[in-house]
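Q: Each of the two chains sits in its own frame; use the hints to bring them together as a complex.
Those sequence lines, one after another, are chains A and B.
Going letter by letter, the first sequence gives residues 1 to 238 in my numbering.
Going letter by letter, the second sequence gives residues 1001 to 1234 in my numbering.
It should be emphasised that the hints constitute simulated quantities derived from the structure, not laboratory data.
Since we're looking at a predicted model, the values are computed, not measured.
One or more hints might be untrue.
[Said to hold, decoys possible] A few chain B residues that don't get close to chain A, going by computed Cβ distances all over 12 angstroms:
(1) Ile1016
(2) Leu1027
(3) Phe1039
(4) Leu1047
(5) Phe1056
(6) Thr1062
(7) Thr1101
(8) Ile1135
(9) Asn1138
(10) Ala1147
(11) Gly1152
[As the list claims (entries may be wrong)] Label-pair distances were calculated between CB atoms; the ranges are:
(12) Cys68/A to Ile1080/B: 55 to 65 angstroms
(13) Thr1140/B to Gln83/A: 23 to 33 angstroms
(14) Gly135/A to Phe1091/B: 51 to 61 angstroms
(15) Lys150/A to Ile1135/B: 19 to 29 angstroms
(16) Thr1140/B to Lys150/A: 14 to 24 angstroms
(17) Ala107/A to Ile1216/B: 51 to 61 angstroms
[Said to hold, decoys possible] Partial list, computed: chain B residues near chain A (C-beta under 8 angstroms):
(18) Ser1128
(19) Asp1129
(20) Tyr1130
(21) Leu1133
(22) Asp1151
Where is the CB? At the ideal position from N, CA and C, for every residue including glycine.
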Amino acid sequence: MVSPLFPLVVDGATVRRRGKVLVGPVNLTLSAKGTTIVIGPNGAGKTSFLRMLHGIARLAEGSVTWACDAIEARSRQSFVFQQPVMMRRSVMGNLIYPLCLAGLPRAEARGHAALAAADVGLDKMLDRPAHFLSGGERQKLALARALITKPDVLFLDEPCSSLDGRATREIETILMRANAAGTRLVMSTHDMGQARRLATDVLFLLNGKLHESAPAEQFFSGPSTDPARAFLNGDIVE
Amino acid sequence: MFEIWDGLAQAFWLVITLDSDLVEITLRSLHVTLSALVFASILALPLGALLAVRRFRARRITIAVLNALMGLPPVVVGLIVYVFLSRSGPFGVFGLLFTPTAMIIAQVIIILPLIASIAHQSLRELWSDYHDLLISMNTTQRQRIAALLWDGRRALMTASLAGFGRAIGEVGGIMIVGGNIDHHTRVLTTAIALETGKGDFALALGLGFVLISLAIAVNLAIHIIGRTEQEGRW
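Next comes chain B alone, as it looks inside the complex (with noise of 0.2 angstroms):
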């Protein structure tokens, strides 16, 4: 008990004196995942639409393997980024390896099937309301996917936030991709894992809950920024 309390009072400390090292880890974190999750929702939402407004023949099998990524190990994909990424790999030329944005990438591959997956479960049925309007209107299949992606938008913001759930507390993947390096490429979560392998297990707590707190603070923003309790049902 006595370190979930120093835990408590190390992480009072650390954010009211704005320690300059957490300040920097804290910013890399959201730099990584933020950057992920606007990549990956560029990617996975219109793919989520595409997939609920289009039938072609590896619909099924594509939504399947869909929802079986959703559940991807991070530290297999950080291990096939890296081996892409490393100086042998055929990427190898970019000098990617232990940067941010290799981290990026991971985050991208990791969450992008979750994004997609959520987003097609709630587009389809968005979708099965508007299909014999759209249809009688003669829509084009890009309108089609416009008008679900514009007023679907409330459910694709559930889609990236829990997006970023899943990024923001990652550890795995970019352990492995970015090498946990100080100043370069420490982030929240493999600077815990670093503290409690260290034995400070009260400098540990302290970034988990800084972690907590940042996680909880860009959902509500994300949600006041949405409007989401505001506007009735959707």
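Bound conformation, chain A alone (with noise of 0.2 angstroms):
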């Protein structure tokens, strides 16, 4: 099934936060299919990006423009935060959250939650408060309980930047899984090598411009702009 979602039309959107630009102006389309990767130097606005596209800041110029209404288009979209944000529950309590909010019975919420716990590898912990979890724990329920909604966006912002070798596997597995299942992946990521492993497309920033857009294998092989080039080197961009 093709989501109503897409296409995403992005017109001249732009955030800025005091009178400085953080990013934009932006202009780009987003179709239903694949994995868009979003990289850059600290500071290039990445964050911004990511968040503007979701509809969490504001935009002072521009338009994000679903294909479908706006108040559907927040339902079918979830979000996972660099920081996970755990809530004062159980993981049991974290999961189905998000469920109980779309109006689902606690009884049947808790089915589901019990299944999304078992996706990731958690479900041995579903009493235990989200507190007590390990980073990579952590950053698994949030991945959960943002997929438990079986959004058709996901939005990931450097999800895996302080997980070690293994969490960050997990994780992309995770998210390959739900890419398959329909869900379009953008996310954020200092990592090459993810960048690499997940892109079906890649979004370079810098300096809250959109420098370079292209599918993977194109950007990867050779990018057409000397600070993408410069960056996929590993030189300094500013």
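A: Quick look at the structure:
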């Protein structure tokens, strides 16, 4: 089934904070399939860019338009933050929260939550307070909580930035499974290996501007702009 | 020093023999203060949460006023409630002056700003944790407040206990609106004031020790029910 969300059309969208442009103006069209990886140096505006697409950063100019109406669009998206936000509840409590918000009866929500926890390997920890989880487990819980509503698009803001190799691999496995099941991913990362493993297309941000946007193979084999080339080579781009 | 020991002995005997007057005024103290606590909490905790999640024009000034009112002088509150409830006042027809209800009203007014202010302080921190997530999940304001109140319940218990502490030891306000009438509106604090005035220090001290024990017992009971010491940091 094709999601009614797409295509997403971003037209001249700009986010400002106290007069300073954080990101934009951005022009972009996003289609329904694939995994978009957002890369760029620190402060390039990756987080603001993702927040802007998700609709939790106020637009100063331009528009971000989904193919369906705004309320439905919001209910079909999820966001995973760089620092996972753990609610002061058990793992189960965290997982059923979005379902309860959607009006699902508690008992039914618990059934879904148990499956979702099993999917990310947290099934033995359902009753544990979420704050007692390790960093990798927290991020897995945040991911499971974001995926439990079966969103059409999932935004991830450097989800693996403080995780070790094994946890990163587990997260990537979950992401690829979600992607195969029809969730479009838009994810920022600093890990070029991860970008190569996951990306179908790449957005390169620099100083708040969308510098380059290309299919992954094309981008990694030969970026068309100098800053992107320098960034891929591991040079410091400012 | 003699009075202290005598007071302890009195307190001991009053409790051991379950002195009927003591039981009566202790229960009235609990009734007045716990009722005031329940009503004040029902109003103040959601107010604290609302101030945390909602940005409106008068927010800062509301918080500043609330903080200032934490130190509201009970005697003045008592006086104002007295004026409102007295026969010639706007609510005189209800005949509430010199009843436990009047005492509850005064105490609600005294502790409400304190509970709301402490609740707001702790929920503000929780909200800064939750802000992005709950906005991302597209929650309504009511759902945000509900999530804060539920997940911040331990911190809110502290806010309520602070209110309880202020109310159970309060004497000025309830003395004025209650009138310290025997078998009707006499509570532990007003009885202590009376016995001290009469010069019966031992009895006053005895009642004082009962009051302190009561405050500790209620605090402990609430902590045990809330299991604060067993489930980590919230």
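Q: Each hint should be assessed against the structure and marked as holding or not.
A: Evaluation of the provided hints:
With a least CB separation of 44 angstroms from chain A, Ile1016/B remains clear of the 12 angstroms interface cut-off, as annotated. Distance check for Leu1027/B against chain A: the nearest CB is about 36 angstroms away, which clears 12 angstroms, and the non-interface claim stands. Phe1039/B, annotated as away from the interface, keeps every beta carbon of chain A farther than 12 angstroms; the closest lies near 27 angstroms. Every Cβ of chain A is farther than 12 angstroms from the Cβ of Leu1047/B; the closest lies at roughly 21 angstroms, confirming the non-interface assignment.
A cut-off of 12 angstroms between C-beta atoms confirms that Phe1056/B is not in contact with chain A; the least separation is 17 angstroms. Listed as outside the interface, Thr1062/B is consistent with that label: its C-beta sits roughly 24 angstroms from the nearest C-beta of chain A, beyond the 12 angstroms cut-off. Listed as outside the interface, Thr1101/B is consistent with that label: its C-beta sits roughly 37 angstroms from the nearest C-beta of chain A, beyond the 12 angstroms cut-off. Non-interface status of Ile1135/B relative to chain A is broken: a Cβ of that chain comes within 12 angstroms, the nearest being about 5 angstroms off.
At the 12 angstroms boundary, the C-beta of Asn1138/B falls inside the reach of chain A, the nearest C-beta of that chain being 5 angstroms off. Not every CB of chain A lies more than 12 angstroms from the CB of Ala1147/B, the least distance being 7 angstroms, so the non-interface label is violated. For Gly1152/B, the shortest C-beta to C-beta distance to chain A comes to about 7 angstroms, within the 12 angstroms cut-off, and the non-interface label is violated. The beta-carbon spacing between Cys68/A and Ile1080/B, approximately 56 angstroms, falls within the hinted interval of 55 to 65 angstroms.
In this structure the supplied range 23 to 33 angstroms holds for Thr1140/B paired with Gln83/A, their Cβ-Cβ distance being about 25 angstroms. Checked against the hint of 51 to 61 angstroms, the pair Gly135/A and Phe1091/B passes, with Cβ atoms roughly 59 angstroms apart. Taken as a hint, the range 19 to 29 angstroms holds for the pair Lys150/A and Ile1135/B, whose Cβ atoms sit roughly 20 angstroms apart. Distance hint check for Thr1140/B and Lys150/A: the Cβ-Cβ separation is about 21 angstroms, which falls inside the suggested range of 14 to 24 angstroms.
Our hint of 51 to 61 angstroms for Ala107/A and Ile1216/B is violated, since their Cβ atoms are close to 41 angstroms apart. Residue-level restraint check for Ser1128/B is violated (minimum Cβ-Cβ distance to chain A is 10 angstroms; threshold 8 angstroms). The restraint placing Asp1129/B at the interface with chain A holds, with a minimum CB-CB distance near 6 angstroms, inside the 8 angstroms limit. Interface restraint check for Tyr1130/B: the shortest CB-CB distance to chain A comes to about 7 angstroms, inside 8 angstroms, so the restraint holds.
Given hint, Leu1133/B at the interface with chain A, holds; its Cβ is 4 angstroms from that chain's nearest Cβ, closer than 8 angstroms. A distance limit of 8 angstroms between C-beta atoms decides the matter here; for Asp1151/B the minimum to chain A is near 4 angstroms, and the interface restraint holds.
In this structure, the hints that do not hold are numbers 8, 9, 10, 11, 17 and 18, in rising order.
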